[in-house]
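**Student:** The lines below spell out each chain.
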Amino acid sequence: MWDKRDLLDINSLSREEIELILHYARILEPFSGKGNKLGICKGEILITAFFEPSTRTEMSFATAMHTLGGDVQSFKPLGSSLEKGENKEDTICTLEQYCDILVIRDPEIDSVKRYADLVNIPVINAGDGSNEHPTQALLDLYTIWKTFNTINGLKMAIIGDLRYGRNLHSLIKIFGKFDNNKIIGISPPGLELPNNFKTGDFKGIITEMDKLNDILAEIRSDIVYVGRLRKEYLPLGENPMKYKYEINRDILNKLSEKTIIMHAFPRVDELNPEVDSDPRFLPFKQARYGLQTRMAIIALLLGHEKELMISNEELPTN
Amino acid sequence: MWDKRDLLDINSLSREEIELILHYARILEPFSGKGNKLGICKGEILITAFFEPSTRTEMSFATAMHTLGGDVQSFKPLGSSLEKGENKEDTICTLEQYCDILVIRDPEIDSVKRYADLVNIPVINAGDGSNEHPTQALLDLYTIWKTFNTINGLKMAIIGDLRYGRNLHSLIKIFGKFDNNKIIGISPPGLELPNNFKTGDFKGIITEMDKLNDILAEIRSDIVYVGRLRKEYLPLGENPMKYKYEINRDILNKLSEKTIIMHAFPRVDELNPEVDSDPRFLPFKQARYGLQTRMAIIALLLGHEKELMISNEELPTN
Amino acid sequence: MWDKRDLLDINSLSREEIELILHYARILEPFSGKGNKLGICKGEILITAFFEPSTRTEMSFATAMHTLGGDVQSFKPLGSSLEKGENKEDTICTLEQYCDILVIRDPEIDSVKRYADLVNIPVINAGDGSNEHPTQALLDLYTIWKTFNTINGLKMAIIGDLRYGRNLHSLIKIFGKFDNNKIIGISPPGLELPNNFKTGDFKGIITEMDKLNDILAEIRSDIVYVGRLRKEYLPLGENPMKYKYEINRDILNKLSEKTIIMHAFPRVDELNPEVDSDPRFLPFKQARYGLQTRMAIIALLLGHEKELMISNEELPTN
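Residue numbers (our numbering), protein chains in the order written: chain A, 7 to 324; chain B, 7 to 324; chain C, 7 to 324.
Only chain A is shown next, with the shape it has when bound in the complex:
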């Protein structure tokens, strides 16, 4: 039952539900952007309310809703009544009156769940502090499925800031839900995965770049997933340089031809642009696949599974 549900974290999705989202994302792929518009959400309004910066997530939710035929309104904290002293709870309860679905990002852990409890329309968690970013994990899984034609029996190395990387937390949870997947987490000392997200192997060993190269070569994972250092969540006064790590061409040269490089973006210094032209580099594909994944999620939460099933028969699939 999808109708009027929230999407707040990975653990509240069953394996079957995740597979269904991937299934509908694939059906919607021919309609993601590029001049093909559906009428599934005609007359419905999605509001994005982001209390932290975003490029991909906010823009792709907007494009997803537009492509489904709905309207989009972007609530911006700057210039809003927050400047007159209104609290976020009142703001969210107000926005509820003006839309059919809310997409919220907030710097505070578990805040989006709290907002969702206040309102009667579906709420999507677009990132709650360093906690979770479930739609990113779903589009990552979709990217993996499109690449390997399976989401089972794969090995993934996740590199970087495992402590504050909310997308990595959601990814680890979703990847662990399927059969025979193996995760190896590698993080600089101090940025280890919090215990509550743990499943698989986690090593705190990026002390020198040379070692990272050797480890990755040795692991022979199907996926190398790189995370950004979340400077914004580091304790004040800490020097980000002490956590520095970088994936570059040298490392790619040691990896298998089949190993893909993923990153949720934005990147800063941890993924050298010299690797962008490598066919194994998938971040912009991930951004693209975010469209159809989010289209499927929006349509399901707004209770349009029936229309998606009709599309299934009538529309071209790849």
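Note that these hints are calculated values from the structure, not bench results. One or more hints might be untrue.
Note that the list lumps identical chains together, so a pair holds whenever it fits in one copy or between two copies.
[Said to hold, decoys possible] Distance condition first, Cα-Cα at most 25 Å in a straight line; then the derived DSS-like pairs of lysine-lysine:
{"no.": "1", "residue 1": "K48", "residue 2": "K248"}
{"no.": "2", "residue 1": "K82", "residue 2": "K237"}
{"no.": "3", "residue 1": "K90", "residue 2": "K291"}
{"no.": "4", "residue 1": "K94", "residue 2": "K217"}
{"no.": "5", "residue 1": "K183", "residue 2": "K260"}
{"no.": "6", "residue 1": "K94", "residue 2": "K209"}
{"no.": "7", "residue 1": "K204", "residue 2": "K82"}
{"no.": "8", "residue 1": "K204", "residue 2": "K10"}
Mind docking chains B and C on chain A? Use the hints.
**Tutor:** For chains B and C alone, coordinates are given in the frame of chain A:
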């Protein structure tokens, strides 16, 4: 005659015109948001130009126009040519070229009227400094009508910053236009209603919270309308704390079961969240009713009264 | 061949292509704003990404796309992942995934060309530093055509900051492409036209306002085009007052009844508002004509020339 008119203040609306807006707002209620879209404003564009913060007004005008089938563009002063030294008059005359109707908020009294005089398309005053906010008064009146099934013979206590509360100014004017309504204004000394807005009783007596409780209990009004302290309009250096007032559960306990609590929001400290769950607390309903009220206003000013009359026959009403 | 092309500068447009844009702009004129919407771009999405302030350009591209039936999303640097350290190249390559056409403004010369090389969708240069602003030149030419019914054999005086005025650079190039046009450039010493834009006469002689009056009276040009002083591009610490110039009623009184006054706006002090009521003052018409010109450009770059040709037969033209 509505076509191409502006909506700048309450006094330029006749009693009959106000009743007509309420009438059409009720007709439009089933279509306000929530997946029902009309085609009344198809092909038309509304631009919001807010030179002061807003959450409800800007967002609900956007939702109202989207629900009428039109498009919405939000002009933001930040990032505009105002940063290159352009004045607001040139900005407004430019925006006129790109839309069919303008919704403007500006910190200066009477400025929106001045802008309206410059352009040939309908202009809606969404707040001009501490002067007026006529569409808020219209949605407040709609809320009162929906609650009491009449807009005559009612008693309203208006509490708070009567000096700078523009929505209260418009509300006092509109409420005074109907038969046998009684207004009791209660404000901290120094925040009394300006003389040009006066009609009914006005007392400057909130010096201690206990007295406010007693007064409200004694007045037995149908409506308790709470205003926010407009710190942004206080003379520089004044301490807002000296004007402090608060409506809380203690007060509600002394009021009749029929007395409703209204507030235009945002609220800061003047309305304790402990009253939110009380069925007499209506602010989020006001926000919701703002949708259909603004839909009616937009449709009328764009010359679509005929289409509204057709809707009247064909569409479900409550 | 228009399909999937970029519009980055004037020199890559042939004379015939420019005439075709004007031709389609005229066909689209009855549909520019004001409640007439076409379905030419239904299902397509335009994203504006402005890294410098804008009012007219950004808003008119939005209105143009809405009027063509497409959707519009405004990417704002503030609140985007640029704040997390993402570079503009990654940002642009991300936005590419979410739209069909990109409109970009950037303070750096030639940057928009560099972005366009990175992506596979049409890119429109909405101003690259002090270099070019080709769609402004096209709408200016359209305004000239509408006024004189020809774009040949005309004399234009261009006054002001010829060094940093990107729209003037594009205008000089486009005007010089047609037959027997004469350009006289007049700029304060230090703000002369860069050599690579030169064609026609250029004089650095506005040292006193009185002289400007006499020069303009003597030149008897068909068009007086006024440019804004680009304070934002002046070397740090330079006093803008030393470059001051102003067109006022005194000058207009000396000009022919047929001479039109143009300005791309925003204006600051160089065009006195006392001339606004003069019928020869055309800046707001330019703003209006920007709509249909940009509609034609968007439709062509998105490969819809065939639909424009159909419109040609079916739709009223002026």
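**Student:** Which hint numbers does the structure go against, in order from smallest to largest?
**Tutor:** Numbers 1, 4, 5, 6, 7, 8, in rising order.
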